[in-house]
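**Q** Assemble the whole structure, with the sequences as input and the hints as a guide.
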Amino acid sequence: MDSNILFFLLAGTILLFSVLTVTTRRILRAAVYLLFVLVSTAGLYFMLNYNFLAAVQLTVYAGGIVVLMIFSILLTSHISEKAKLAGMKQSLLSALTVVAGAILTIILLMNHQFTASSEPAVSPDVQNIGRHLVSYGENGYALPFEVISILLLAAMIGSIIVARKESLAANVKPTDENPEK
Amino acid sequence: MTGNIPLEYFLILSTIMFFTGIFGFLTRRNLITMLMSIELILNSVNINFVAFNHFLYPNNLQGHFFTLIIIAVAAAEAAVAIAIIINIYRNFKSIEVDKVNQMKY
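Protein chains in written order, with my numbering: chain B, 606 to 786; chain Y, 63 to 167.
None of these hints come from the bench; they were simulated from the model. Idealized CB from N, CA, C, for every residue including glycine. One or more hints might be untrue.
[Unchecked claim] Pair by pair, the computed Cβ-Cβ distance ranges are:
1. 146(Y) x 747(B): 30 to 36 angstroms
2. 69(Y) x 683(B): 15 to 21 angstroms
3. 770(B) x 132(Y): 20 to 26 angstroms
4. 747(B) x 132(Y): 26 to 32 angstroms
5. 722(B) x 160(Y): 26 to 32 angstroms
6. 698(B) x 119(Y): 36 to 42 angstroms
7. 724(B) x 165(Y): 35 to 41 angstroms
8. 155(Y) x 758(B): 18 to 24 angstroms
9. 70(Y) x 700(B): 20 to 26 angstroms
10. 119(Y) x 740(B): 17 to 23 angstroms
11. 70(Y) x 743(B): 19 to 25 angstroms
12. 608(B) x 160(Y): 44 to 50 angstroms
[Claimed, not checked] Straight line, CA to CA, 30 angstroms or less: simulated BS3-like cross-link-like pairs of lysine-lysine:
13. 155(Y) x 689(B)
14. 687(B) x 155(Y)
15. 694(B) x 155(Y)
16. 687(B) x 161(Y)
17. 161(Y) x 694(B)
18. 155(Y) x 770(B)
19. 689(B) x 161(Y)
20. 770(B) x 161(Y)
21. 687(B) x 770(B)
**A** Set out below in structure tokens:
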């Protein structure tokens with residue numbers, strides 16, 4: 606019975622703070638509300654017994670992405686600055702679209718009959734996860750694992766090159782233009 | 063430990079969260095808050111995958127690994143997006159999408 610209360614508590618936190626994230630006018634507060642949403646999602650994963658996933662959610666999202674966002678907010682805007690809101694007409698039309706889409710989706714999923722698989726369950730503990738992540742047979746995820754590692758390397762190099770100052774490239778250029786001279 | 067919460071509750075939660083993210087993406091004018099809306103959308107998809115894996119297909123861990131990979135892609139996306147945003151700020155002194163209307167000086 607108490608796990609029901611826990612679910613509704615987490616769901617209420619997620620819904621409240623995700624609405625606040627997209628409606629608040631202070632950008633730094635939006636980042637902190639997003640942090641609450643992500644931590645509550647990690648709580649949901651803990652509730653479903655996906656402990657490793659919840660730990661990854663906490664370290665990567667709450668520890669990494671939100672901190673990165675707060676850094677970039679502090680670099681690009683003043684703390685006291687308030688964000689401009691969209692025009693009345695645009696907000697109204699967006700709200701209409703969003704509410705219609707949400708109602709349509711909820712009606713569809715309430716009418717759909719989900720059938721659960723009856724095969725024995727696999728426990729999502731770290732030993733199983735590690736074994737699946739590097740095996741290449743059935744239920745092996747070695748290929749996505751390698752692709753993700755290359756993606757992370759490419760993203761790291763790409764973001765360093767995009768964000769660095771132009772003067773670094775300009776300093777190197779004139780010396781090796783014509784090596785013969 | 064899930065008690066007797068049906069799958070539909072998780073799906074409704076993630077639906078509302080997804081459309082909140084869409085609303086933010088449509089109405090916000092600041093690049094960083096638009097990025098936050100995208101994170102909300104990705105997070106709601108993660109909840110969907112995890113709920114489906116837990117309730118419908120507990121015999122393998124496909125949803126779990128999808129979620130892990132989505133989290134990694136989201137981290138890479140946030141890093142590249144923030145690098146681009148900082149570069150835009152250096153050139154335009156603003157990250158409002160209304161003011162960023164030139165490809166090149």
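**Q** Now tell me, hint by hint, if it's right for this structure.
**A** To see whether the hints hold, each was checked on the structure:
Range check, residue 146(Y) to residue 747(B): Cβ separation about 31 angstroms, and the 30 to 36 angstroms hint holds. Between residue 69(Y) and residue 683(B) the C-beta distance comes to about 45 angstroms, which lies outside the given range of 15 to 21 angstroms. As the Cβ distance of residue 770(B) to residue 132(Y) is approximately 33 angstroms, the hint placing it in 20 to 26 angstroms is violated. Checked against the hint of 26 to 32 angstroms, the pair residue 747(B) and residue 132(Y) fails, with Cβ atoms roughly 18 angstroms apart.
Distance hint check: the CB atoms of residue 722(B) and residue 160(Y) are about 50 angstroms apart, inconsistent with the given range 26 to 32 angstroms. Our hint of 36 to 42 angstroms for residue 698(B) and residue 119(Y) holds, since their Cβ atoms are close to 39 angstroms apart. Range check, residue 724(B) to residue 165(Y): Cβ separation about 54 angstroms, and the 35 to 41 angstroms hint is violated. Judged by the Cβ atoms, the range 18 to 24 angstroms given for residue 155(Y) and residue 758(B) is violated: they are separated by roughly 32 angstroms.
In this structure, residue 70(Y) and residue 700(B) meet the distance hint of 20 to 26 angstroms, their C-beta atoms being roughly 24 angstroms apart. For the hinted restraint 17 to 23 angstroms between residue 119(Y) and residue 740(B), the CB-CB distance of approximately 19 angstroms keeps it satisfied. A beta carbon spacing of about 31 angstroms between residue 70(Y) and residue 743(B) contradicts the range 19 to 25 angstroms that was offered as a hint. Checked against the hint of 44 to 50 angstroms, the C-beta distance between residue 608(B) and residue 160(Y) comes to roughly 47 angstroms, which is consistent with it.
At roughly 16 angstroms between alpha-carbon atoms, residue 155(Y) and residue 689(B) fall within 30 angstroms of each other, so this suggested pair holds. The suggested pairing of residue 687(B) with residue 155(Y) holds, with an alpha-carbon distance near 16 angstroms, which does not exceed 30 angstroms. Our distance criterion of 30 angstroms between C-alpha atoms is met by residue 694(B) and residue 155(Y), whose separation comes to about 28 angstroms. Pair hint residue 687(B) plus residue 161(Y) holds up; C-alpha atoms about 16 angstroms apart against a cutoff of 30 angstroms.
Taken as a hint, the residue 161(Y) and residue 694(B) pair is honoured in the structure, with Cα atoms around 20 angstroms apart against an allowance of 30 angstroms. Taking the CA atoms of residue 155(Y) and residue 770(B), the gap is near 15 angstroms; set against the 30 angstroms cutoff, the hint holds. With a CA separation close to 12 angstroms, the supplied pair residue 689(B) and residue 161(Y) stays within the 30 angstroms bound. Simply put, residue 770(B) and residue 161(Y) have alpha-carbon atoms about 22 angstroms apart, close enough for the 30 angstroms limit, and the pair holds.
The hinted pair formed by residue 687(B) and residue 770(B) meets the criterion: a straight-line CA distance of about 28 angstroms does not exceed 30 angstroms.
Violated hints, listed in ascending order, are 2, 3, 4, 5, 7, 8 and 11; each of the other numbered hints is respected by the structure.
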